[in-house]
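Chains as they are written, first to last, in this note's numbering: chain U, 1 to 104; chain S, 105 to 574.
These are calculated hints, taken from the structure and not from any lab test.
Hints are not guaranteed to be accurate.
[As the list claims (entries may be wrong)] When the alpha-carbon atoms are kept at most 30 angstroms apart in a straight line, the in silico DSBU-like pairs for lysine-lysine are as follows:
#1 S:Lys-218 x S:Lys-123
#2 S:Lys-356 x S:Lys-218
#3 U:Lys-22 x S:Lys-297
#4 U:Lys-22 x S:Lys-123
#5 S:Lys-563 x S:Lys-355
#6 S:Lys-218 x S:Lys-155
#7 U:Lys-15 x S:Lys-123
#8 S:Lys-123 x S:Lys-155
#9 U:Lys-15 x S:Lys-297
#10 S:Lys-155 x S:Lys-355
#11 S:Lys-243 x S:Lys-155
#12 S:Lys-355 x S:Lys-188
[Claimed, not checked] Estimated spans, in silico, between C-beta atoms of each pair:
#13 S:Asp-523 x U:Ala-74: 38 to 46 angstroms
#14 S:Gln-113 x U:Glu-53: 20 to 28 angstroms
#15 S:Asn-536 x U:Arg-67: 35 to 43 angstroms
#16 U:Gly-61 x S:Pro-286: 24 to 32 angstroms
#17 U:Pro-73 x S:Met-115: 29 to 37 angstroms
#18 U:His-14 x S:Val-550: 44 to 52 angstroms
#19 U:Gly-90 x S:Leu-492: 23 to 31 angstroms
#20 U:Ile-103 x S:Pro-397: 37 to 45 angstroms
[To be verified] Below, a sample of chain U positions facing chain S; criterion: calculated Cβ distance under 10 angstroms:
#21 Glu-12
#22 Thr-31
#23 Tyr-75
#24 Phe-79
#25 Ile-96
#26 Glu-99
#27 Trp-102
Bear in mind that the values here come from a model prediction, so they are computed numbers and not experimental data.
Quick reminder that beta carbons are idealized off the backbone N, C-alpha and C, glycines included.
Here are the chains, one letter per residue:
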Amino acid sequence: MTELVAHGTWVEIHKIALVAGKRTAQLPGDTRQVPLELRVKGFLVADAAMGDEAEIETPTGRRLRGRLVATNPAYSHSFGPPIPELSSIGGEVRAILREQGWIR
Amino acid sequence: MSREIGYAQIMGQRDEIIKASLGIDYGQYATGALAFDYERLLSDTGYTIDKVRAVQSRTAVGNTPLLELENITALVRAVAQPGKGARIFVKDEAANPSGSFKDRRAALAVCEAKNRRHVGVAAATSGNFGAAVASQAAKAGLRCIVVQEAFDSRGIAQPEIAEKTRACEAYGAEVIRVSVGPELFFVFLCVLKESGFFNASLYTPYSILGIETLGYELAQQLQQQCGQFPDLVIATHAGGGNLTGTARGLKKAGAVDTGVVAASVDLTGLHMASDHDFNRKSFTTGHTGFSMPFTTWPDRADVPRNAARPLRYMDRFVTVTQGEVFYITQVLAELEGLERGPAGNTSLAAAFAIARELDEDRIVVVQETEYTGAGKHPLAQLNLAKQLGIELRRGDPRDNKPGQKIVIPENPSQIAVTDIDLDHVRRSYLRNAIESLPEGVRLTGVDVEFLAAETRSSKDYIQEVIDEMS
Chain U
1 MTELVAHGTW VEIHKIALVA GKRTAQLPGD TRQVPLELRV KGFLVADAAM
51 GDEAEIETPT GRRLRGRLVA TNPAYSHSFG PPIPELSSIG GEVRAILREQ
101 GWIR
Chain S
105 MSREIGYAQI MGQRDEIIKA SLGIDYGQYA TGALAFDYER LLSDTGYTID
155 KVRAVQSRTA VGNTPLLELE NITALVRAVA QPGKGARIFV KDEAANPSGS
205 FKDRRAALAV CEAKNRRHVG VAAATSGNFG AAVASQAAKA GLRCIVVQEA
255 FDSRGIAQPE IAEKTRACEA YGAEVIRVSV GPELFFVFLC VLKESGFFNA
305 SLYTPYSILG IETLGYELAQ QLQQQCGQFP DLVIATHAGG GNLTGTARGL
355 KKAGAVDTGV VAASVDLTGL HMASDHDFNR KSFTTGHTGF SMPFTTWPDR
405 ADVPRNAARP LRYMDRFVTV TQGEVFYITQ VLAELEGLER GPAGNTSLAA
455 AFAIARELDE DRIVVVQETE YTGAGKHPLA QLNLAKQLGI ELRRGDPRDN
505 KPGQKIVIPE NPSQIAVTDI DLDHVRRSYL RNAIESLPEG VRLTGVDVEF
555 LAAETRSSKD YIQEVIDEMS
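One chain only, chain U, in its complex shape (with noise of 0.2 angstroms):
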């Protein structure tokens, strides 16, 4: 039996705004290619399981129904390693002023 997520969660929903057929015309043919998809974040309305249809409320207090797609989804956006391309440029900067007595 598939677990199901308890209402109140903090969720995400999915869903196809535009199927790639029925996308505007003056777009590049990779994009054409691809459907306009949404992504949306609220509370889980009532119990629903991973991949089901769903309904949210909105912090803003709207409703609105898509594919449960995430519970409680992270934010997983980082800074990642130092840039080795990067990291010598202040050592190079301060050499500079350095050899014109800006500073010591």
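Based on these hints, arrange chain S on the given structure of chain U.
Relative to the frame of chain U, chain S by itself:
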């Protein structure tokens, strides 16, 4: 968002939805086939510069510090000819409540939404403006919806936009994230129609009047600090609002001789509506993908008449490369102790190159910074670029090729601007203007006068270009 609402149906209701969501009847400002009364469109709002300042000060917006970048100026002079190297100042707009100058325009939009008794505001923006509207809405007790172009068909979010999603949600906004494509406007119209919220467009009179205080303040601050107005103000240029509002504010402060320079990151070769190119831009704003189309035809915006009309105000239009902006972002952090940007540092990269051409007693003001953080950072952008196979190396920034290789300068002397020929831009604008005329409609004398004002040229110039085209 309702499934049954069709694309054509909503787009057909565009004018009435926009009118209901803004309460501005743009038709009343038409004075010719193309001409409209731009100044009256702005002044009819009733917002004088003092009134705007009063609104902004209620939420701690504006009055940001104007800082002299003495170490960067010293670096400019180290690579300049003797006697050259203007002083560079920066207006630290990151000190605004949500971390960018966008709070200025959002403050007025939200104030207007409240005055008009809307229960909420909606904005179509992937940038700092979303966080600004969400922040202002939170303070005003209004609801907020932000519609963002946020991820590609592989589900990869642009890191800077992912950070904006987080910020908007932190301020309690509903964020609708959309995949790549201009039909974001269709989604936005659906939101406006369904919610009845006020349209906090980037291109309304409120959005421009809100920025006038930026130019006004910096002129006054420099006058106090150095006893003069800036010789040049450099603005990162995308949709045109930043440049238009700042230039108008400078004039209102009396800085009528200050030159205004537009600076954009060169993204030549990348298509703004391409799903493939979306995450290969490494910049979300301040780039030519916005600035060229909006300078050459401002009325492509989401309102009938764009209040941002940059060609009226720019004295010079330059581009810099992606690698140069990332380089100067690092320099700003390490020499001035200011971790900002990166997109807002486009104008700083341009300032570095332009200050090098000017005498030492000249003053150049970079008119904004923006907050930085996870995702919204050179490291995040360059790590994504590398992941997508974009070559990254040190070298001559002239070898930079958007979407293919990002070349970080090896030495500050390599930072240079490329001038965009303003005559070419004016002609593009005029071609777009004339092509927008309905079949059989002819230009009147009022229109020619309007086009001359739009392009900062003369009636003779307009006539000459029209004759050439026909």
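Each hint tested on the structure:
Taking the CA atoms of S:Lys-218 and S:Lys-123, the gap is near 17 angstroms; set against the 30 angstroms cutoff, the hint holds. Distance restraint check for S:Lys-356 and S:Lys-218: the Cα-Cα separation of roughly 27 angstroms lies within the 30 angstroms cut-off, and the hinted pair is therefore satisfied. Between U:Lys-22 and S:Lys-297 the alpha-carbon distance is near 21 angstroms, which keeps this suggested pair within the 30 angstroms criterion. Taken as a hint, the U:Lys-22 and S:Lys-123 pair is honoured in the structure, with Cα atoms around 27 angstroms apart against an allowance of 30 angstroms.
Taken as a hint, the S:Lys-563 and S:Lys-355 pair is honoured in the structure, with Cα atoms around 24 angstroms apart against an allowance of 30 angstroms. This hinted pair checks out: S:Lys-218 and S:Lys-155 have alpha carbons roughly 16 angstroms apart, not beyond 30 angstroms. Proposed proximity of U:Lys-15 and S:Lys-123 is supported: the alpha carbons are some 28 angstroms apart, at most 30 angstroms. Taken as a hint, the S:Lys-123 and S:Lys-155 pair is honoured in the structure, with Cα atoms around 24 angstroms apart against an allowance of 30 angstroms.
The suggested pairing of U:Lys-15 with S:Lys-297 holds, with an alpha-carbon distance near 19 angstroms, which does not exceed 30 angstroms. The straight-line distance between the Cα atoms of S:Lys-155 and S:Lys-355 is roughly 17 angstroms, inside the 30 angstroms bound, and the hint therefore holds. With a CA separation close to 19 angstroms, the supplied pair S:Lys-243 and S:Lys-155 stays within the 30 angstroms bound. Note on S:Lys-355 and S:Lys-188: the hinted pairing holds, with a Cα-Cα distance of about 27 angstroms set against a maximum of 30 angstroms.
Judged by the Cβ atoms, the range 38 to 46 angstroms given for S:Asp-523 and U:Ala-74 holds: they are separated by roughly 45 angstroms. For S:Gln-113 and U:Glu-53, the Cβ-Cβ distance of about 23 angstroms falls inside the hinted range of 20 to 28 angstroms, so the restraint holds. Taking the beta carbon of each, S:Asn-536 and U:Arg-67 are about 41 angstroms apart, inside 35 to 43 angstroms as hinted. Checking the proposed 24 to 32 angstroms range against U:Gly-61 and S:Pro-286 shows it holds: the Cβ atoms sit about 29 angstroms from each other.
Taken as a hint, the range 29 to 37 angstroms holds for the pair U:Pro-73 and S:Met-115, whose Cβ atoms sit roughly 31 angstroms apart. At about 50 angstroms, the beta-carbon gap between U:His-14 and S:Val-550 stays in the expected band of 44 to 52 angstroms. Distance hint check: the CB atoms of U:Gly-90 and S:Leu-492 are about 27 angstroms apart, consistent with the given range 23 to 31 angstroms. Against the hinted window of 37 to 45 angstroms, the Cβ-Cβ separation of U:Ile-103 and S:Pro-397 comes to about 43 angstroms, which satisfies the hint.
The closest approach between the C-beta of U:Glu-12 and any C-beta of chain S is roughly 9 angstroms, which is under the 10 angstroms cut-off, so the hint is satisfied. For U:Thr-31, the interface hint holds, since its Cβ comes within 10 angstroms of a Cβ in chain S; the closest pair sits about 4 angstroms apart. Checking U:Tyr-75 against chain S: minimum C-beta separation of about 5 angstroms stays under 10 angstroms; hint holds. Evaluation of the U:Phe-79 hint against chain S yields a held restraint, the C-beta minimum of about 4 angstroms falling below 10 angstroms.
The closest approach between the C-beta of U:Ile-96 and any C-beta of chain S is roughly 5 angstroms, which is under the 10 angstroms cut-off, so the hint is satisfied. For U:Glu-99, the interface hint holds, the least distance from its beta-carbon to any beta-carbon of chain S being 7 angstroms, beneath 10 angstroms. Below 10 angstroms, beta-carbon pairs count as interface contacts, and U:Trp-102 has one with chain S at about 4 angstroms; its hint therefore holds.
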